[in-house]
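S.K.: As a plain string of letters, each chain reads:
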Amino acid sequence: MSKGFGDSKMAPPTPAAQPAQGAPCVLGPTLHFKGELYGEEDLEFQGQIEGSIEHTRSLSIGKEGGVKGNIRAKFVIVEGKVDGDIYATESVSIRQSARVNGNIFAPRVGIADGAHFTGRIDMNHKGAAVNKPLTEPQAERLLASGS
Amino acid sequence: MSTASSERTSVFGPTLRFKGELKAQEDLKVEGRIEGTIQHQQRLHVGQKGEVVATVNAASIDVDGRVQGDMVAKKSIKVSQSAVVRGNIRAPSVSITEGANFNGGVTMESNAGSSGPSTPGASSR
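As they're listed, the protein sequences go chains R and H.
The numbering of the first sequence is our numbering, which starts it at 1 and goes up by one.
The numbering of the second sequence is our numbering, which starts it at 1 and goes up by one.
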């Protein structure tokens, strides 16, 4: 009857900085969001979302998590599925179990061996997510200039 | 508070804001703000910091925070002392604690559980 709450689950991989203030907020696997989600606390997302996520801290897309839409956050850790662009002001970490289709804009990007990733990576784009969201034409110009 | 019991409850934290449709099949505690609709199959708990501006469907609903919108539960709705509710509620069992701020209608329907077009066979002649 022991609930695997602590160790058996993947410990929320808090990259550097944050001294975790208690448990991060966890959104479970049966949650389905359709719309816009904003947050200012460490978040572990195991559910499904169709829409955008705007986050100011560490965001982790768990193994069961799925995102269709763009993600903006400080740190992004992906272990699940993402269809959309990821913008991070600090870093993006794509773990082994992840499947990502989209572009990544972050000063630091890591992709683990075994991860599935299709898209472009731009590391010279820091600050975009803080100051203002990248507009569509800007993004397209960036992509076009690269190819 | 009764947060000591470490049940597998998802918590929608206090800084989270969501606009849109939310569907869920597990217990959820809302401490953030949700605008839109909530379709829930289990227990929904709107915490003290929670703010829901939405039409809510769930198995049971506990309100400690603010809710603006109609709520329908298959089992029960509990409105606690700290709650502020504006909207109509419908459930077989409804409780409103003294001290709660509630403005709206209450419908206690024993067969609210069947969401389909059930024919009320009450009068048999």
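Be a bit skeptical, because a hint or two may be false.
Said to hold, decoys possible - Label pairs and their calculated CB-CB ranges:
| no. | chain 1 | residue 1 | chain 2 | residue 2 | range |
| --- | --- | --- | --- | --- | --- |
| 1 | H | Val53 | R | Arg120 | 51 to 59 Å |
| 2 | R | Thr118 | H | Gln25 | 58 to 66 Å |
| 3 | H | Thr9 | R | Arg108 | 32 to 40 Å |
| 4 | H | Gln42 | R | Gly110 | 45 to 53 Å |
| 5 | H | Ser82 | R | His116 | 44 to 52 Å |
| 6 | R | Glu40 | H | Gln39 | 39 to 47 Å |
| 7 | H | Ser95 | R | Ala112 | 44 to 52 Å |
Said to hold, decoys possible - Derived DSS-like pairs: lysine-lysine, alpha-carbon spacing no greater than 27 Å straight-line:
| no. | chain 1 | residue 1 | chain 2 | residue 2 |
| --- | --- | --- | --- | --- |
| 8 | R | Lys63 | R | Lys34 |
| 9 | H | Lys74 | R | Lys74 |
| 10 | R | Lys68 | H | Lys23 |
| 11 | H | Lys19 | H | Lys74 |
| 12 | R | Lys68 | R | Lys34 |
| 13 | H | Lys49 | H | Lys23 |
| 14 | H | Lys23 | H | Lys74 |
| 15 | R | Lys63 | H | Lys19 |
| 16 | H | Lys75 | H | Lys23 |
| 17 | H | Lys49 | H | Lys78 |
| 18 | H | Lys19 | H | Lys78 |
| 19 | H | Lys19 | H | Lys49 |
| 20 | H | Lys75 | R | Lys74 |
| 21 | H | Lys49 | H | Lys75 |
| 22 | H | Lys78 | R | Lys63 |
| 23 | R | Lys34 | H | Lys23 |
| 24 | H | Lys78 | R | Lys81 |
| 25 | R | Lys68 | R | Lys81 |
| 26 | R | Lys34 | H | Lys75 |
| 27 | H | Lys19 | R | Lys68 |
| 28 | H | Lys74 | R | Lys34 |
| 29 | R | Lys74 | H | Lys78 |
| 30 | R | Lys63 | H | Lys23 |
| 31 | R | Lys63 | R | Lys74 |
| 32 | R | Lys81 | H | Lys23 |
Stated by the list, open to error - Pulled from the structure, derived: some chain H residues nowhere near chain R, Cβ distances all over 10 Å:
| no. | residue |
| --- | --- |
| 33 | Gly13 |
| 34 | Lys19 |
| 35 | Gly20 |
| 36 | Leu28 |
| 37 | Glu51 |
| 38 | Asn101 |
Rather than coming from a laboratory, the hints here were simulated on the basis of the structure.
The C-beta atom is built at its ideal place from N, Cα and C for all residues, glycine as well.
S.K.: Does each hint fit the structure? Answer for all of them.
M.R.: Do the hints match the structure? See the list:
1. H/Val53 <-> R/Arg120: 51 to 59 Å: For H/Val53 and R/Arg120 the Cβ distance comes to about 38 Å; the hint is violated.
2. R/Thr118 <-> H/Gln25: 58 to 66 Å: This hint is violated: roughly 31 Å between Cβ atoms.
3. H/Thr9 <-> R/Arg108: 32 to 40 Å: At roughly 34 Å between Cβ atoms, R/Arg108 and H/Thr9 fall inside 32 to 40 Å, so the hint holds.
4. H/Gln42 <-> R/Gly110: 45 to 53 Å: Violated, since H/Gln42 and R/Gly110 (Cβ atoms, about 36 Å apart) do not stay within the stated range.
5. H/Ser82 <-> R/His116: 44 to 52 Å: Taking Cβ atoms as reference, H/Ser82 and R/His116 lie about 47 Å apart, which means the hint holds.
6. R/Glu40 <-> H/Gln39: 39 to 47 Å: 26 Å, violated
7. H/Ser95 <-> R/Ala112: 44 to 52 Å: For R/Ala112 against H/Ser95, whose Cβ atoms are near 50 Å apart, the range 44 to 52 Å holds.
8. R/Lys63 <-> R/Lys34: 19 Å, holds
9. H/Lys74 <-> R/Lys74: Violated: H/Lys74 and R/Lys74 sit about 40 Å apart, past 27 Å.
10. R/Lys68 <-> H/Lys23: 16 Å, holds
11. H/Lys19 <-> H/Lys74: Holds, at about 24 Å.
12. R/Lys68 <-> R/Lys34: Answer holds: R/Lys68 to R/Lys34 is near 9 Å, not above 27 Å.
13. H/Lys49 <-> H/Lys23: At roughly 21 Å apart (the allowed maximum being 27 Å), H/Lys23 and H/Lys49 satisfy the hint.
14. H/Lys23 <-> H/Lys74: Holds. H/Lys23 to H/Lys74 sits at ~16 Å (cutoff 27 Å).
15. R/Lys63 <-> H/Lys19: Roughly 24 Å separates the two Cα atoms, so the pair holds.
16. H/Lys75 <-> H/Lys23: Judged against 27 Å, a Cα distance of about 18 Å means the pair holds.
17. H/Lys49 <-> H/Lys78: 16 Å, holds
18. H/Lys19 <-> H/Lys78: Given that 27 Å is the threshold and the Cα spacing comes to 24 Å, the pair holds.
19. H/Lys19 <-> H/Lys49: With a Cα-Cα distance of about 17 Å, the restraint between H/Lys19 and H/Lys49 holds, given a limit of 27 Å.
20. H/Lys75 <-> R/Lys74: Not satisfied, since the Cα-Cα distance of roughly 41 Å exceeds 27 Å.
21. H/Lys49 <-> H/Lys75: The given pair, whose Cα atoms are some 24 Å apart, holds under the 27 Å limit.
22. H/Lys78 <-> R/Lys63: Violated: H/Lys78 and R/Lys63 sit about 34 Å apart, past 27 Å.
23. R/Lys34 <-> H/Lys23: Holds. R/Lys34 to H/Lys23 sits at ~8 Å (cutoff 27 Å).
24. H/Lys78 <-> R/Lys81: Outside the cut-off at roughly 37 Å; violated.
25. R/Lys68 <-> R/Lys81: Roughly 8 Å separates the two Cα atoms, so the pair holds.
26. R/Lys34 <-> H/Lys75: Since the Cα atoms of R/Lys34 and H/Lys75 sit roughly 26 Å apart, the hinted pair holds (cutoff 27 Å).
27. H/Lys19 <-> R/Lys68: 15 Å, holds
28. H/Lys74 <-> R/Lys34: 23 Å, holds
29. R/Lys74 <-> H/Lys78: Status violated; Cα separation ~38 Å.
30. R/Lys63 <-> H/Lys23: 19 Å, holds
31. R/Lys63 <-> R/Lys74: 20 Å, holds
32. R/Lys81 <-> H/Lys23: 19 Å, holds
33. Gly13: 3 Å, violated
34. Lys19: Violated: least Cβ distance 5 Å, not greater than 10 Å.
35. Gly20: 1 Å, violated
36. Leu28: Violated, since 7 Å does not exceed 10 Å.
37. Glu51: Since the minimum Cβ distance to chain R is about 13 Å, H/Glu51 lies beyond 10 Å and the statement holds.
38. Asn101: 27 Å, holds
This entry does not satisfy hints 1, 2, 4, 6, 9, 20, 22, 24, 29, 33, 34, 35 and 36, going by the numbered hints stated previously.
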